[in-house]
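Just need the whole structure built from these sequences, with the hints factored in.
Top to bottom, those sequences are chains A and B.
When you line the first sequence up against this note's numbering, it's residues 1 to 518, in that order.
When you line the second sequence up against this note's numbering, it's residues 1 to 218, in that order.
Honestly, the hints are just simulated from the structure, not real lab data.
Hints may be right or wrong, so weigh each one.
[Claimed, not checked] Just some of the chain B residues that point at chain A, by a computed CB distance under 10 Å:
#1 E61
#2 K101
#3 D106
#4 L126
#5 D129
#6 R158
[Claimed, not checked] Quick list of the computed label-pair ranges, beta carbon to beta carbon:
#7 A/R377 x B/L2: 28 to 36 Å
#8 B/N54 x A/R422: 31 to 39 Å
#9 B/G194 x A/D461: 54 to 62 Å
#10 A/K432 x B/H143: 57 to 65 Å
[Stated by the list, open to error] In silico DSS-like pairs for lysine-lysine, Cα to Cα no more than 30 Å straight-line:
#11 A/K408 x B/K70
#12 A/K501 x B/K24
#13 A/K226 x B/K207
#14 A/K501 x B/K134
#15 B/K207 x B/K134
#16 B/K70 x A/K501
#17 A/K48 x A/K460
#18 B/K134 x A/K226
#19 B/K43 x A/K408
#20 B/K161 x A/K408
#21 B/K161 x A/K182
#22 B/K70 x A/K380
#23 B/K43 x A/K380
#24 B/K207 x A/K408
#25 B/K161 x A/K501
#26 B/K161 x A/K185
The structure displayed is predicted, hence computed values, not measured ones.
Backbone N, C-alpha and C fix where the C-beta goes; we use that ideal spot for every residue, glycine too.
So you can see what is in the structure, the chains are spelled out below.
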Amino acid sequence: MSEVKVSVGERLVLTARIGDNLGVVLARHNLISLPCGGQGICGLCRVKIREGPVTPPTKYERLLGYTGSLRLACQTGILGDLRVELLPGLPKPVRLNTLLVNPRKINPLIGTQDRGVLELFDRKIDVGVDARVLLLDLGTTKIAYQVVSPRGDVLFEDSVFTPLSDFGLDIISRLARALEDKRVKDEIYSRLRSVVYEISNNHSTNLILVGGNSVMESFFFNLDLKGLAEYPFRPATNDVVVDRVGDKLFIGMPMIAGFLGGDAYADLIASFQLNIDKPYLLIDIGTNTEIFLVKDGEVYATSTPSGPAFETGISRGSTVFQGGIFRARIAGVKDEKPVFQYSYLGAPTGILGPAMISILADLRRGGFIDEGGRIVRGYKTLNGLKILYIDESRDLYISQVDVRNIQKAIAAVKSGVRILLREAGVSKNALKGLIIGGNFGVNLDIEDAMSLGLIPSVEKDIVVAAGNLVLPGLRVALLNRDYLFNYKAILEKIKTIDLPKMPGYMDLWVDSLHLTPL
Amino acid sequence: MLALEKARICLVNLERNCVLESVKSALESGVPASEIVLGSLSKAMEEIGRLYENGDYFIAELIEAASIFKEAMRILEPRLKEEASRLKTARRARIVIGTVKGDVHDIGKTLVAIMLQAAGHEVIDLGVDVPAEKFVEAVEKYHPDIVGMSALLTTTARYMKTVIDELERRGLRRSLKIIIGGAATTSEFAREIGADGWAPNAIEAVKLVDSLMGIRDE
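In structure tokens form, the structure reads like this:
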């Protein structure tokens with residue numbers, strides 16, 4: 001193994017081996033930190049390569065624009081003697097799981113020269129020179145947040161449960177309850193506010209940027225809910241929502257449509273700042289899946305219900321909160337039955353959505369399930385129902401009815417993508433990028449998802465699992481206020497597609513039930 | 001009754017040509033059309049229903065089965081009329097169906113309509129986003145035995161009660177049966193809003209209509 005020299009700055013010289021990861025080498029000597037653990041998403045380990053051979057930029061570096069002399073150390077392999085330069089002012093180590101997207105144009109909401117005074121539409125608000133800002137992704141199951149400085153340095157990141165499970169696990173049930181009984185609406189409002197106040201007070205933030213699905217955001221800002229309850233599903237407003245309570249200022253991202261909320265807006269503007277050619281597809285897989293097709297000057301958008309069926313809609317499903325199997329593969333076949341190998345979080349009591357996709361994909365490849373989704377071999381019959389064991393000793397299995405439910409969820413996404421491509425007049429092969437947003441996508445095996453048609457089959461190289469894109473989008477809005485002030489110009493470019501209303505939707509949906517690539 | 005048995009097996013296996021040929025040859029050999037429907041095709045549809053419920057068959061198979069059944073019925077129709085069969089007049093219900101106002105989900109409702117038609121009922125499909133007035137108009141115009149309503153969303157399901165109230169207010173409810181379905185509904189909800197029945201899927205919907213019409217399998 002040949003040794004090489006890595007010169008850092010003017011004086012320091014480290015030794016390393018060819019093929020070593022530059023980020024690991026630098027972090028081992030405590031010269032940099034790897035906030036996202038070397039996943040390449042936080043972009044905080046950037047260094048300048050002055051001289052010397054290194055591996056070409058990875059997918060994540062290309063996406064975040066580190067393809068010149070500026071590189072992400074954790075994505076860079078050492079191929080010979082190097083001279084590198086560390087960048088000054090790296091923020092202190094903080095655990096990050098979120099892509100750090102920097103806008104190309106900086107026009108911060110809180111200007112440094114105006115001493116922390118924020119001009120918001122017609123108002124001037126003093127948030128203080130060393131204000132901290134809370135970015136809040138108000139989800140159906142989880143509230144994810146970041147505390148950032150006005151310059152966008154991430155100081156803290158975490159998430160809490162959305163304390164509303166007793167009003168239903170999905171937004172439609174909560175909406176129905178709140179519409180029937182005003183006290184429920186008030187209770188939801190006050191619970192959301194109190195959990196957010198607690199976070200906000202703990203981190204001394206007075207400015208809070210909020211992105212949520214339309215129902216959650218409307219609850220949070222106490223907006224009228226009626227329009228969200230029925231066709232054509234419209235939020236009370238498409239404007240940026242501003243709410244000032246005491247010394248706290250809440251700003252809600254504009255809601256695009258009934259099932260494309262401020263969270264979808266944040267997703268979209270984050271994607272605008274990635275280095276990705278158009279047309280690209282952005283799919284945020286969650287309880288509700290939002291899909292964007294971004295062309296030059298035009299954005300096609302739709303949403304479709306999908307999520308629960310991957311996890312809560314099946315016999316042995318589980319969610320990340322309960323833990324369970326997150327990765328699984330068929331390792332072999334014994335007595336004509338598949339034998340699985342799996343990894344789990346906590347205890348193997350259930351199966352998480354991404355693992356479920358891999359299980360189904362492997363069962364298809366092994367011919368245990370046919371293209372139409374029918375279990376054809378290797379099964380046991382339990383009360384007239386076919387089941388395929390993943391681990392019989394733990395009573396973990398997938399049933400024929402489970403397969404059917406997953407097929408429906410896949411078809412919801414697949415038919416949505418097909419309709420968007422059709423309406424936008426873009427062929428699958430013309431796509432230059434495919435961004436998978438949401439935490440579901442992070443653990444998803446891209447090839448498995450493609451083999452079933454959950455995501456379109458494109459060159460693997462243009463597919464990026466970006467994780468949560470709502471927080472990056474909120475941060476983009478903080479660093480470039482145009483996204484808060486000129487939101488109307490963006491909304492005007494978005495063409496919202498109502499799937500059930502589209503001609504031929506049912507036939508397309510039925511066809512999309514086939515477990516075949518798209 | 002070899003042809004009858006063959007038609008049944010072929011329909012379960014979704015073999016269209018085999019079904020149609022078996023039906024024709026049964027007719028030629030003098031089997032009454034009513035017996036072909038009752039003794040063979042309906043039994044096959046029930047079996048297909050069972051296969052659907054345990055997941056062996058799925059939506060595409062259901063649609064295909066209904067389509068084959070319908071084509072077979074076109075061959076049998078003239079003979080059934082000749083026979084003026086008891087079966088036919090007893091079995092057939094007229095059903096007005098629609099997805100309620102505020103909801104544009106089409107698939108579940110359409111599947112129910114297809115299966116009801118395959119079972120020999122007459123279905124008038126009002127489409128989606130159907131307001132109470134349109135249900136009322138259809139009831140006045142077609143005098144159906146049954147009105148079926150669908151909703152996917154919890155928020156729109158509440159509108160079913162509005163439709164029922166309106167039918168009652170107009171004095172149209174008396175002999176009319178109301179059935180509901182859709183992801184947002186349950187049997188308790190059906191009882192609560194005063195519907196006469198609820199079904200979780202298209203197969204159960206056919207059974208429900210049969211039982212409301214007093215049709216029992218012999």
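Legend entry - Pair hint outcome, B/K207 versus A/K408 [Cα-Cα no greater than 30 Å]: holds, 24 Å
Inset, instruction - For the pair we were handed, B/K43 and A/K408, check the Cα-Cα distance against 30 Å. - result: This hinted pair holds, its Cα atoms lying about 28 Å apart.
Inset, instruction - Assess, step by step, whether the Cα of A/K48 is no farther than 30 Å from the Cα of A/K460, and give holds or violated. - result: Within the cut-off at roughly 28 Å; holds.
Inset, instruction - Could you grab the alpha-carbon distance between A/K408 and B/K70 and see if it respects the 30 Å cut-off? - result: Holds - the C-alpha atoms of B/K70 and A/K408 are around 26 Å apart, at most 30 Å.
Inset, instruction - Could you say whether the range 31 to 39 Å given as a hint is met by the Cβ separation of B/N54 and A/R422? - result: Holds, at about 35 Å.
Inset, instruction - Report holds or violated for the interface hint on B/D106, using the least CB-CB distance to chain A and a cut-off of 10 Å. - result: Check passed: Cβ of B/D106 comes within 6 Å of chain A, closer than 10 Å.
Inset, instruction - Starting from B/K161, check that the Cα of A/K185 is at most 30 Å away, please. - result: With a Cα-Cα distance of about 22 Å, the restraint between B/K161 and A/K185 holds, given a limit of 30 Å.
Legend entry - Hint validity - B/K101 Cβ closer than 10 Å to any chain A Cβ: Check passed: Cβ of B/K101 comes within 7 Å of chain A, closer than 10 Å.
Legend entry - Pairwise hint evaluation, B/K207 against A/K226, where the allowed Cα distance is 30 Å at most: The hint is violated at about 36 Å.
Inset, instruction - Assess, step by step, whether the Cα of B/K70 is no farther than 30 Å from the Cα of A/K380, and give holds or violated. - result: Violated, at roughly 35 Å.
Legend entry - Distance restraint between B/K134 and A/K226, which requires alpha-carbon spacing of 30 Å or less: Since the Cα atoms of B/K134 and A/K226 sit roughly 22 Å apart, the hinted pair holds (cutoff 30 Å).
Inset, instruction - Verify the proposed pairing of B/K161 with A/K501, using a straight-line Cα cut of 30 Å. - result: holds, 24 Å
Hint compliance for this structure: hints 4, 12, 13 and 22 are broken, all remaining hints hold.
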